[in-house]
Amino acid sequence: MAEKTLAEVAAGLKARKYSSVELTRAYLARIEQAQPALNALVTVTAESALAAAAVADQRLADGTAGPLTGVPIIHKDIFCTAGVRTTCASRMLSNFISPYDATLVTRLKEAGTVMLGKANMDEFAMGSSNETSYFGPVHNPWDPKVVPGGSSGGSAAAVAARLAPLATATDTGGSIRQPAALCGVTGIKPTYGRVSRYGMIAFASSLDQAGVITVSAEDAAMTLQAMAGFDPRDSTSVDVPVPDYTAELGTPMRGLRIGILTEFFGEGLDPAIEKSVREALAAWQRLGATVKEVSLPNLPLSVPTYYVVAPAECSSNLARFDGVRFGHRCENPKDLMDLYKRSRAEGFGAEVKRRIMTGTYVLSAGYYDAYYLKAQRVRALINEDFRRAFGEVDLLLGPTTPTVAFGIGDKTSDPITMYLNDIYTIGANLAGLPAMSIPCGFAAGLPVGVQLIGPHFSEGRLLAAAHAYQRETDFHLRTPAGWAADFNPASKAGAK
Amino acid sequence: MSGEWETVIGLEIHAQLATKSKIFSGSPTAYGAEPNTQADLVDLGYPGVLPVLNAEAVRMAVKFGLAVGAVITRRSVFARKNYFYPDLPKGYQISQYELPIVARGSLDVVMEDGTVKTVGITRAHLEEDAGKSQHEGVGVSAIDLNRAGTPLIEIVSEPDMRSAKEAVAYMKKIHTLVRYLGICDGNMQEGSFRCDANVSIRRKGAEKFGTRAELKNLNSFRFVEKAINLEVMRQIDILESGGTVVQETRLYDSDKDETRSMRSKEEANDYRYFPDPDLLPVVLEERFIETVRGSLPELPDQKAARFQQQYGLSLYDAGVLTASKELAAYFEAVAALVPSDPKLAANWVMGDWSAALNKDGLDVAESRLSAAQLAGLLNRIVDNTISGKIAKEVFEAMWAEGLEADAVIASRGLRQITDTGAIEAEIDAIMAANPKQLADYRAGKDKLFGFFVGQVMKSTGGKANPAMLNDLLKKKLAP
Amino acid sequence: MSLSPKQIESIAHLARLELKPEEIPVYADSLSRIFGLVGELDRAQTAQVEPMAHPLEQVQRLRADEATSPNQRELYQRNAPQVEGGLYLVPKVIE
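Protein chains in written order, with our numbering: chain A, 1 to 496; chain B, 1 to 479; chain C, 1 to 95.
To be clear, the hints were calculated from the coordinates, so they are not data collected in a lab. Hints are not guaranteed to be accurate.
[What the hints assert, rightly or not] Coverage of chain B stretches by chain A, computed from C-beta distances (three or more under 8 angstroms per stretch; other residues unrestricted):
{"no.": "1", "region": "43 to 54"}
{"no.": "2", "region": "85 to 98"}
{"no.": "3", "region": "216 to 225"}
Fair warning: this is a prediction, and the values are worked out from it, not measured in the lab. Idealized CB from N, CA, C, for every residue including glycine.
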């Protein structure tokens, strides 16, 4: 038997093909096996998982279960989890036990999911390759020598290796979509404000958005249903009703107007990726969608805009890590200044420090107007480009990344080459738009992702389009060699 | 020398808003709790937590703005002021920078000589208070974050004040106003109402301002006056000896009565303000503002104007009596019971009664005499039962023992002598006993009239009705 | 656009980060490259454009003034490096 998707796992639980405890044991065994090779998790919470699974089994038995009751889940280690170490993959928080749950964690807990552990990530979500983690890099299950992408690299690798049917993730400049593409899984970044940021350790507050990485769009719809919604503890959370995403999945593609982003098909795009993405487009056309080329002239300025706005917000957000109330504190500080400087220098890694310094500089006296305000103005131009485009088309389509996964260590020497990985994903963050990446092929044996971007609150439309495509293709169901989901949770052995 | 210099002062007043919970969290704001028991995850700046704005803090800021005739900003923005300090948990203070909730108002301040000084209010913005650090043993500070996140309005004046006295009068007026509005308890000992002063000097007639120093830690009206005067002298000394004043923050030390430079605050003054991405623009609708306007109480200036008109008081007296709602209410209660002479009521409330409160360190509410008791005394002056002078003695007895005026007057026999025959008899006896003085007076030494008044008062124990005594003496002494 | 070692030092000070001497040229180089990239923003005509601070045009919601947070000092201070008598301890604050 092969349990492939969250939908199938949930159905199996409902049908009592196996219990949540059996399923949880099977995934925990798989995680234990995978950990040395992939390093996808920072913390495994086996004991509490089994306890939660037992409670879920009760609910499954007494008929009070919801759609996700008993489903194992991995949370990105950026989400605060009460009583569980929450590290943000930083030395700064390597011993930090959160006293509270993030709203997203609470909601998924209330939905009955069973947390298996916390996913590795780039430190404080700053990175595109998962190489900045204090706990070491994550390896891509498709090829251990290449990166899984980042910052949600642990989440994407875990789902690709079927260490859980789903993993939560966050996206500030592409941190859900890029690793989803590089690991051959489905990732959705909802509209800014759709999912609460409360309890999600902030990187860049006006760009950060929580989402999920799953095998299929249907899985993503089921998860988003539980995650989304207004939270009075987050002022930027949006009080707009959450539609029934699963019900919208069947929306026909006939007449859907897809816009092809001119700016995404230029120089720098791997031709093999372009080929896969254009084939995917043809599939939607066969389903009745119309295609139109759309230009967003300011979109190429996304990367420089982002590298002002995100570091500026990060420099301020990370000022709370001062060695006083929580987090790393240096040994024997000689005075207050020494306490601050050494605690922070020791607690943060090089990329985090680089971004803090970049952000400090762009906000400092004499540079604020030239950098920060300028970037916020360009952000408005990019936003306006998107707004205009969505007057003509229903969705925008393009590649998620310019290349497939690159080798571990290949891009660490030059921050700019690393930053350019996010060239296609950052725009959606700047404008707060929902966007997805779904698997659409392979190049040189590594997964390729196609990206869909929609107007604000069009998650249902994105999921329906992705679902329609996934009914015609099986790229999303393929698993890396050695990581096939051919385990049988009901068997005594658990994992294969 | 110092006569050539003009002092220029602007004040930044911090008033803690009297909300039940903090500006961005649900922590209580009560003063004096055990350390860090009123600091929740938001106040502690825990990773992942977010601020949500307290509606009452907004309403109170708008109330203040309306009371000083200011512009209420329809779309104000919270910004982060970034600096590292142990009492500032997030490494930034949430404040307002470019778009404060209150802009451009003014306040009239009546000085002792009756002149009116108008002080411009540049702005008033909402922000969160910081925690407190206390020294704990050698080389260690201890941080209590109970105060962190308490809502404040910072009221920034124009540099319109020209003396320490004006600065204090302005500060007192703001103090009066925030308590009238019920938006701040005004408790300066507990730090609910604090002030920084920007002080500079310039040559009289010069247009350009001099370099200013910012004085911090001015937690009483007296300290404001002392610190400003000290600072002015310091700057004059520097400039007159050919030096230059440096722009800096100076801490007032009330024990040593000196100001000293705070270098530690200076080096971190690149605050890198930017709009707080965790908070959205605060948009106020006309209807909300009008509702707040409708809830305003009678303001000190309105009350003072009414007192002038209704009770015939001077501008200055009306100002003194309206300095607090409680004082004004006490006065009005007394005046209502002494309808024929509100001026007498005003003089007594401002005079002996206030002095007695002060002496015993009591608030209006703790007065040992009710308004009715004081009015009872004043009515005995009005109906000539006792003289004003005797009244002081009666008042002291009343205050000390909480007695009614009539009881004191009766038990001590202080009732005034108003019987013509009795007074004439006393006069006759005095004239007989002092033949030389009588002869001198009649020979033209008019000044001796006072001597006779004094003698009769002495012999009657001060109880002779002064006006009657005057008339009768004049007749009797006439040659 | 290139940043001098001196600028790097002053930024690091403002950000309260201790840098080892050998790190300074490394950050000077990488920040200079980042600001080279950021320099592309100059191409955009933005004179008439309002800066955009939030992705959605929303306004601030207000919370009712209620004290809802109970005292949880003991729990919250479990993560603290140094506390005594409920107070967080730091090297002496000099004013």
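Failing hints, ascending? Violated: hint 3 alone.
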